Amino acid sequence: MLGYIIQRLIQSAFVMLAMSALVFLGVYAIGNPIDVLISPDATQDIREATIRHYGLDQPLWRQYLAFLGRLLQGDLGRSFVLNIPVLHLVLSRLPATLELALTSVLIGAFIGIPLGIYAGYRPESPVSKAIMAASVLGFSVPTFWVGLILILTFAVNLDWLPAGDRGPTVEVFGVGWSFLTWEGLRFMALPALNLSLFKLAMLIRLSRAGTREIMLSDTVKFARAAGLTDFTILRRHVLRLISIPLVTVFGLEFGSTLAFAVVTETIFSWPGVGKLIIDSITSLDRPVMVGYLILVAFLFVTINLVVDLTYAVLDPRLRRGRRV
Amino acid sequence: MAQFWREYRENWIATLALAVVVLIVAAALAAPLITPQDPYDLANLNLRDARRPPGFVGSGGYVHWLGTDAQGRDLFSAILYGLRISLQMGVAAGAVAFGLGTSLGIMAANIGGKIEQGIMRLVDLQLSFPAILLALVLVAVLGQGRVPLIIALVTAQYAYFARTAYGAATAERQKDYIEAARATPLPGRSIVLRHLLPNCMPPLIVVGTVQIANAISLEATLSFLGLGLPPTEPSLGMLIANGFQYMMSGRTWISVYPGIALILLIVAINIVGDQLRDQFNPRLRR
Numbered sequence: 001m002l003g004y005i006i007q008r009l010i011q012s013a014f015v016m017l018a019m020s021a022l023v024f025l026g027v028y029a030i031g032n033p034i035d036v037l038i039s040p041d042a043t044q045d046i047r048e049a050t051i052r053h054y055g056l057d058q059p060l061w062r063q064y065l066a067f068l069g070r071l072l073q074g075d076l077g078r079s080f081v082l083n084i085p086v087l088h089l090v091l092s093r094l095p096a097t098l099e100l101a102l103t104s105v106l107i108g109a110f111i112g113i114p115l116g117i118y119a120g121y122r123p124e125s126p127v128s129k130a131i132m133a134a135s136v137l138g139f140s141v142p143t144f145w146v147g148l149i150l151i152l153t154f155a156v157n158l159d160w161l162p163a164g165d166r167g168p169t170v171e172v173f174g175v176g177w178s179f180l181t182w183e184g185l186r187f188m189a190l191p192a193l194n195l196s197l198f199k200l201a202m203l204i205r206l207s208r209a210g211t212r213e214i215m216l217s218d219t220v221k222f223a224r225a226a227g228l229t230d231f232t233i234l235r236r237h238v239l240r241l242i243s244i245p246l247v248t249v250f251g252l253e254f255g256s257t258l259a260f261a262v263v264t265e266t267i268f269s270w271p272g273v274g275k276l277i278i279d280s281i282t283s284l285d286r287p288v289m290v291g292y293l294i295l296v297a298f299l300f301v302t303i304n305l306v307v308d309l310t311y312a313v314l315d316p317r318l319r320r321g322r323r324v
Numbered sequence: 325m326a327q328f329w330r331e332y333r334e335n336w337i338a339t340l341a342l343a344v345v346v347l348i349v350a351a352a353l354a355a356p357l358i359t360p361q362d363p364y365d366l367a368n369l370n371l372r373d374a375r376r377p378p379g380f381v382g383s384g385g386y387v388h389w390l391g392t393d394a395q396g397r398d399l400f401s402a403i404l405y406g407l408r409i410s411l412q413m414g415v416a417a418g419a420v421a422f423g424l425g426t427s428l429g430i431m432a433a434n435i436g437g438k439i440e441q442g443i444m445r446l447v448d449l450q451l452s453f454p455a456i457l458l459a460l461v462l463v464a465v466l467g468q469g470r471v472p473l474i475i476a477l478v479t480a481q482y483a484y485f486a487r488t489a490y491g492a493a494t495a496e497r498q499k500d501y502i503e504a505a506r507a508t509p510l511p512g513r514s515i516v517l518r519h520l521l522p523n524c525m526p527p528l529i530v531v532g533t534v535q536i537a538n539a540i541s542l543e544a545t546l547s548f549l550g551l552g553l554p555p556t557e558p559s560l561g562m563l564i565a566n567g568f569q570y571m572m573s574g575r576t577w578i579s580v581y582p583g584i585a586l587i588l589l590i591v592a593i594n595i596v597g598d599q600l601r602d603q604f605n606p607r608l609r610r
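Here the protein sequences line up with chains Z and L, keeping their order.
One point on numbering: in our numbering, the residue at position 214 of the first sequence is 214, and numbering is uninterrupted.
Residues are numbered in our numbering as their position in the second sequence, beginning at 1, plus a constant of 324.
The reader is advised that the hints may include incorrect statements.
Cross-link-like lysine to any residue pairs, in silico, SDA-like; alpha carbons within 25 Å at most [claimed, not checked]:
(1) K438/L to I10/Z
(2) K438/L to K129/Z
(3) K129/Z to E334/L
If you are wondering where the hints come from, they were derived from the structure by calculation, not from laboratory data.
Values in this document were obtained by computation on a predicted structure and should not be read as measured data.
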């Protein structure tokens, strides 16, 4: 087990190193950051001083090593535009996104899994067919379009919920959270729903497929023979058996939810990291772009690692240092 | 082929979806012939006609059936021209990703060893990373325009083709007919091209269909975020984004109609893809 953990840790470190190099090369090597930093009518002296200040006169590999060195000390540089440390900037925006992503994953789980189990339990009923048709739509309709329709319906036409912004937050541990007040929840409702639709569709499909398979298995036959009601079987056996693959997908999806938040946050002007990256792209704020990508890559590698290790705990065959 | 088509027509929803796809593609191709206005020619646009509701008769003397946008473009014309761009981008990106991904996947399956591991490790790594982020960053780095956009879409999508081709090729390679072909003096290249590749096609066609829809959706999303093509030639995503700001004041048609066109296209392509998947799946064969 220990050998397996060490092996996976080393692998993750290599992936992180590769990602940092890719991100650095991608964002820095193409295009010229100097044009963004210095106004076109600056004097030659100011140009050179700025270039030296940011180390842009060094060869690329040296810049990368310097970048890597600073990265290991937790220094992601300063935003060109706002002149705030990137780490600080990203971390200050992260709670809003985490809160939104977590809520939407929970909505997906608490609505999607029961619907999917029902659709798998009664595959021929019209309700199940409607659920499946809705999940096809949830898969194929672009997120931004659903967001627009949500705003149009609930904010413009019905005027039930606010159309954008974060609204009031409550400070806990120095961080503002929306989910603690009714008003905050009202502001969060539409973006969270928008972000959850894809997960909702996916969890419906996965839990339906799992349920159909398990309903035909011997476990369920014997449980029926023992006189358990269908509801008890679904709750006690089916839910438990489909939960293992669901947990994996759930973990992996949490990462991509953070990525998809880019679109949702832009539509609903939710002040999270997704909005930050779009703003930094439009203003060509390279350090923020790099910092965000490195953090997202780190998050992905960590989630993958945790999922793999959880698997190793659940599945003893993996523990004996099998190569993955 | 005839039988395939007969089976396809048994599912009336899929048949309808196919008809919708054909209709939209035909309308987009024929756009210059059937639209009352060239929406990209600024000389045609009159600001007095801007933001008019559907049914309005503008200064051009014809009815704007779907209304006009903020620049006074006839929305019906703009939607058909936007569809042209969306389809071009989707098909071009899909085709390049298809070629690149399939080559990589089949190469990995055939060569084996370190190269196989390297390619598939890269593909898996990319599949675990959300496509939209990758495309976003690439477009931001490469700048706006058709070529950067296609590069971004291809980079975001080739991995799906590579995975599918690799899976299909490793399964096919173990079958007897490949073994038999190897016993003949045919060069390896023609075994791959003549025998292996055609037999890997069915799953690749399914992935290709769905990925074209995904490319169109991704392109629309990027355009909506303002990172797609330049605003002088708005694709569907940008038309929707432009209309977004007028939605609050009740001028909903500017966003809604291009959106409906986009959704119709994407959903129809997905339904066609689903049907093809079912028909190619040997387990569901009667």
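Verification of the hints:
1. Of the pairs offered as hints, the one joining K438/L and I10/Z holds, with about 19 Å between alpha carbons and a cut-off of 25 Å not exceeded.
2. Only pairs whose Cα atoms come within 25 Å are accepted, and K438/L paired with K129/Z is rejected, the gap being roughly 46 Å.
3. At roughly 18 Å between alpha-carbon atoms, K129/Z and E334/L fall within 25 Å of each other, so this suggested pair holds.
Hint 2 from the list above is the single one not met by this structure.
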